[in-house]
Amino acid sequence: MLPLLIIILLTGGIAAGIIAYWNQAACRWLSLITVVVDFAIILFIWIEEGLSMTLTDSWLRDSHIPWIPSFGISFHLALDGLSLLMLVLTFFLGILAVLISWKEIQYRVGFFHFNLLWVLAGITGVFLTMDLFLFYFFWEVMLIPMYFLIGIWGHENRQYAAYKFFIFTQASGLLMLLAILGLYFIHGEQTGIYSFDYFALLNTTLSPDTARWLMLGFLAAFIVKLPVVPLHTWLPDAHTEAPTAGSLLLAGLLLKTGAYGLIRFVIPLFPSAAQSIAPWAMLLGVVGILYGAIQAYSQTDFKRLVAYTSVSHMGFIMLGVFSFNELATQGVVMQMITHGISTGALFILAGILYERIHTRDITQMGGLWSKVPFMGVAAMVFVMASLGLPGLGNFVAEFLILVGSWQANQPLTILATAGLVVATAYSLRIMQKVYLGSSMQGYILTDLSLREKLILVPMCIVIIWLGLFPQQVINTARSTVANTMHAGNHATIHQKQDQEEVPNTSAFNTERREP
Amino acid sequence: MLNSLWLIPTFPFLGALILVLVGSRLSRQVAARIGAGSVGLAALLTMAVGYDFLNSGVGAYQYTAWNWFDVAGLSTSFAFYLDPLSLIFIFVITFVGFLIHIYSVEFMKEDEGFARFFAYLNLFVCSMLILVLADNLVLLYLGWEGVGLCSYLLIGFWYSEAKNGYAARKAFIITRVGDTAMAIGLFMLFSIFHTLNIQDILTQAPQVWVAGTSMAVVIAFLLLGGAVGKSAQLPLQTWLPDAMAGPSPVSALIHAATMVTAGVYLITRMHTIYELAPLAQLWVGIIGAVTLLLAGCSALTQFDLKRVLAYSTISQIGYMFLAMGVGAWSSAVFHFMIHAFFKALLFLGAGAVIMALHHEHDMFRMGGLKNKLPVIYWTFLIGAASLAALPFVTAGFYSKDQILWLAWAGEKGNVWFFLAALTGAFITAIYTFRMVFITFFGKAKTQVSHVPGKRITIPLVVLSILSVFGGFIELPHTLGHFTLFSDFLSLLLPSVSLREGVESSEWILQGIAGLLALTGVYMAYVFYIRSPRISDEIKSSTYVLHQFWLQGWNVDALYNFLFVRPFVYISTLNKNDVIDKFYTMLVRATEFFNGVFVKTQSGILRWYVMGIVVGAILIITISLFVQP
Amino acid sequence: MKTLPIESGLLLAGVLFTLGLISVLVRRNIIFMLISVEIMLNAAGLAFIVAGSRWAQADGQVMFIFILTMAAAEVSVGLALILQIYHHLKTLDSDAADRMNG
Amino acid sequence: MAFYIASAIAILATIMVITRYNMIHALLYLVVSFLAVAVIFFMLGAPFMAALEVIIYAGAIVVLIIFVIMMLNLKEESVEQERKWFTRNIWIGPGILAFILLGELIYILVASDTVLLNNKVVDAKEVGLSLYGPYIVGVELSGLLLMAGIVGAYHLGRQKRKVLHRFLQSTEE
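Residue numbers (the numbering used here), protein chains in the order written: chain A, 1 to 515; chain B, 1001 to 1628; chain C, 2001 to 2102; chain D, 3001 to 3173.
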């Protein structure tokens, strides 16, 4: 079942690429159908099994096909609560990406959809794979089509942005490859069997500093992908220059692969090492929040501004992941989903505006509410989501993260909460500069077409649904989060015996085990 | 009837939803009917639920709609909790809200965003009701932020002018500063009690903490921070005067009756924490006292009609904080109710006046409206009297007097609080009647364009009746001792214990307060009717002080200088990302080295041979000396 | 023949090799460079023969034969190239052919 | 004793080759040097190699070079040219490098223990046997190499006729 998801996307991509020579509309419809089919499958799995998941058996589906047995590499895909949620988000945003580029992309449509579907295939692979070699493989598969998406269909200096994006991710990816190989060989030495399988590598006993080095290798790749401040400069360029569908996928999904990697690989594989650098990582997260927010305030380019807001939101994820308790990690899972939707929607709005007035400079815009009220309302919903208004998805996520991280580190949480104020400042600035105020330019704007409404209305419904009824999502992710935390806490117990420096917090989340 | 409690917030929500979705296509009447109707229904339902609640005599009623989120110990649900305190609040919100909705049907008649206005107003009423009825602090926070959002939307309603947008943004951001303090308080509460359910916290708090434990004080201060942000008290009060950029019904509903008192509700609701943290409670009183003086003085110097009322709102809420500071919880709530009536009346009256003089805000250009707009004049006068707390006849007297008395007599009260309250009362009397005399008396400077219809006058009349007779439900000892209101709240909120041997002096204090109010009125009469020359002299002689007070003790400029300007400066300075420079510098370094190495390939054969020989020598020497 | 110490043979080869090297470095005329390369090759061959005679095996001499063949092929191709250079650049100066740089 | 004479001659001849301005003189001294080396081969008990040396090196290669020099019919000016290039201080750089290299070679030779050569003669038969014994692959390859050499020489040596292309008339071939 699981490889089917990826195969559909890959073949769909190729078919779309070919059909485009004859008829572009058919190509668009085909790619839409492929993603819709995948979405239907994953929804079916979610509704049928995801909701009724118990704590123990967290793995819903597992397919294991040996690929290169001699090296112990197997095509091992597995689906659990977390990856199920991520896939639902992937295919949901995938459909929107295809829909949004219906009119926008006229130039070499076939190749565009080919790249689009292959990026989605790469991302699906990343979320499903349980084999580290395969993980790196999909990590690269995800990267190259994205480079083309930005490089060919982007805006003014797209080459620079695509190039920068590629180098950043590729270089960090290689560090991860080193770490994977290191882990592979150490595991091979210890147990004699050389295998890249995630479960096998899970319990390799590593000496503290090798564990730290290997973890730093993994961390490098995920920190660049989930932009943490010092390594985030590729994101604004990539987002500003990417076509709407590109930046939608980039913001909605590629950033999440970084966060997913942290939860899936860094914490379980190197619990004690992750524990030891937790304070630093949280500090980086908070710096990310504040730095991203301050940056976002002064931007004049709409997409660049939204890009910096996602740097700030990703800072929350960093803070949440390294506070090592179930609350924060559930918050991180929620944040991944809600951020994907709210920032994706803001990018779609930027794209729609660009299609109409051919500029992204918010100083040129103003007073658009009177001309395009429907888009104004939609923008209002998503701007409020991005500043964490309760009742919308982002609030639940940020609240859980902050409550969770409060137990781990108080001063940093205070700083992060202060970040919310700055978040309000830049979010309202978007509304003010673009929709409210008086408009100097006499733009003649048509309000949203049916297609655009078909994109934005479901997103509004989903973000409000996540805000008011997040329990389904939390239940689905509960088992994965519990296991990750178990692995994480397993380390804290060691940590406690080694030195008593984390007195109450670790005792906290170990005692209060989930019944 | 009780179990239909959840319908109260749902009606306005549905109203707002309909108006947002199909508002633009509805005609004015239908939109008005939906907008006002939904709040009307909510008001009726509140009456019914309240009646049922009082008869059933059950202390509190809890209704859970659905489980919001339940994660590893933090389980919060959409649950409403009705008890005497929240009953009073929802009564005031829905009733005054309904009157204001009727008023704004006429007020916003020609405005093109008619449906949008009612949508926001309904959304506001809904989130305020959620805030007040919330069973747990997270839901309260939802209502809290929802109210902040709606105030942002409504202040910036006429979005075409940029300054309205700026005022709206300022309001939202400053209240958001308060909200973050409150959020941190929430986190601390959760980390100690593992629940955010208000009732559980209030029951567990006395067992976990002994009076004065540092954790309780810190949490109390944080919650106070949230309350100060929302209720525009001292540190965060600069947004309220600018919030007058919104339409008058908005100012009436949000910035007088309901939203600004959210802070009062929060602190009253979490009173056990404040009981356990006397230092924090004292500071609540101090903030109240200082704010009421500061706002009172600034109100003296304002020329914009609505800004006078804005500053007076700040000072009246200062009274409520003072009351809470001295532990007089029920009198704070009582003053809230009465204040909601007469302040809404004043704002609506001011709105009617402004509309009548085609959007003239400056009081000094009004005048002589006494006989031109009689109904508005009389209702405005009653509201002003109630605000100035003229003795015996107005409701304001009873509520403010009770606070004055308990500030002096309460065992937590002290003489400073009393003196501050007294001078505050005196200043209030002056600026209130200064406002009345300037706007309604003297010669008419601008012509009345049109007389407001009955949809405006009816709410004014109803509110004026309430502002007079509302006070009689809570008579002090000296005047019949009929304390229906505080008995109603007594089982929920701890009553104030008086210091010993002080009962006798109550009527003296009432006398002083009444006298001061009357002298204040007389002084206003002298300065502004009999001989305006004196007021001009005073103004010119104390010009610096006058400007200082006019700018609201230019706290605004201070914040601009301390926070806004540096933030904007850093942000613009760092517009294109100083970290990016690091990477571009990296790229340039690689290009430079490339240049250097390119020169080594000079194309000269002998140069290459020389390279080979040098290489050979190096290898041999290395192999010789580096023995493996 | 008296017995000869191996060092002297190898020493001779070394000296010859170094002389060839110096001449390659010094000369600008391509033909002279070719000649000096020949000298170096010959010196290498000599070293092989000395080693071969030391072990009294034929291997040294076999290697020398290969060196010879290689030298012959190298000279022929080298001279063909020199003809082309001379034809194009009208000079035998090795510095003239420096277009492949930058 | 004869060995030392022969090696002295070889070294002297090589030095003369290096220092001459005129190519022909250099080549002739080269022949002398090769002959001296051939004598040494003979002394080292490798008569077949001596013969080969004389035939191929002294005979074929040097003659080939002289033949090419004649083809290029360099006039007197090439000698002056040579004198111009051959300034005094050009020797310093290469001289130092060569000196260092020689020093290291000598150091290596001195460090290793001295072994006496046994003067057993390895005649052509033995060489032939081993040539077509273990080194058969080497022989094939050297055959290939020679063939490549010839084809290369022929191809590169040809004077390109000017191919005038109707519209690709770019620079002269």
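Treat the hints with care, as some may be off.
[To be verified] Calculated pairs, DSS-like style, for lysine-lysine (alpha carbon to alpha carbon, straight line, at most 27 Å):
no., chain 1, residue 1, chain 2, residue 2
1, B, Lys1539, A, Lys371
2, C, Lys2090, D, Lys3084
3, B, Lys1443, B, Lys1599
4, B, Lys1599, B, Lys1109
5, B, Lys1454, B, Lys1372
6, B, Lys1372, B, Lys1445
7, B, Lys1539, B, Lys1109
8, A, Lys103, A, Lys371
9, A, Lys433, B, Lys1372
10, B, Lys1109, B, Lys1454
11, A, Lys453, A, Lys371
12, B, Lys1163, A, Lys433
13, B, Lys1575, B, Lys1163
14, B, Lys1599, B, Lys1539
15, A, Lys371, B, Lys1575
[To be verified] Just a sample of chain C residues kept apart from chain D, beta carbon distances all over 12 Å, derived:
no., residue
16, Glu2038
17, His2087
18, Ala2097
19, Met2100
Hints were generated in silico from the structure; no laboratory data involved. The beta-carbon is built from N, C-alpha and C at its ideal position, and this holds for glycine as well.
Cross-check of the supplied hints:
no.	hint	result
1	B:Lys1539 / A:Lys371	violated, 47 Å
2	C:Lys2090 / D:Lys3084	holds, 18 Å
3	B:Lys1443 / B:Lys1599	violated, 92 Å
4	B:Lys1599 / B:Lys1109	violated, 80 Å
5	B:Lys1454 / B:Lys1372	holds, 15 Å
6	B:Lys1372 / B:Lys1445	holds, 12 Å
7	B:Lys1539 / B:Lys1109	violated, 39 Å
8	A:Lys103 / A:Lys371	holds, 21 Å
9	A:Lys433 / B:Lys1372	violated, 43 Å
10	B:Lys1109 / B:Lys1454	holds, 13 Å
11	A:Lys453 / A:Lys371	holds, 16 Å
12	B:Lys1163 / A:Lys433	holds, 12 Å
13	B:Lys1575 / B:Lys1163	holds, 24 Å
14	B:Lys1599 / B:Lys1539	violated, 81 Å
15	A:Lys371 / B:Lys1575	violated, 30 Å
16	Glu2038	violated, 6 Å
17	His2087	violated, 7 Å
18	Ala2097	holds, 14 Å
19	Met2100	holds, 17 Å
In the structure shown, a violation is registered for the earlier hints numbered 1, 3, 4, 7, 9, 14, 15, 16, 17, in ascending order.
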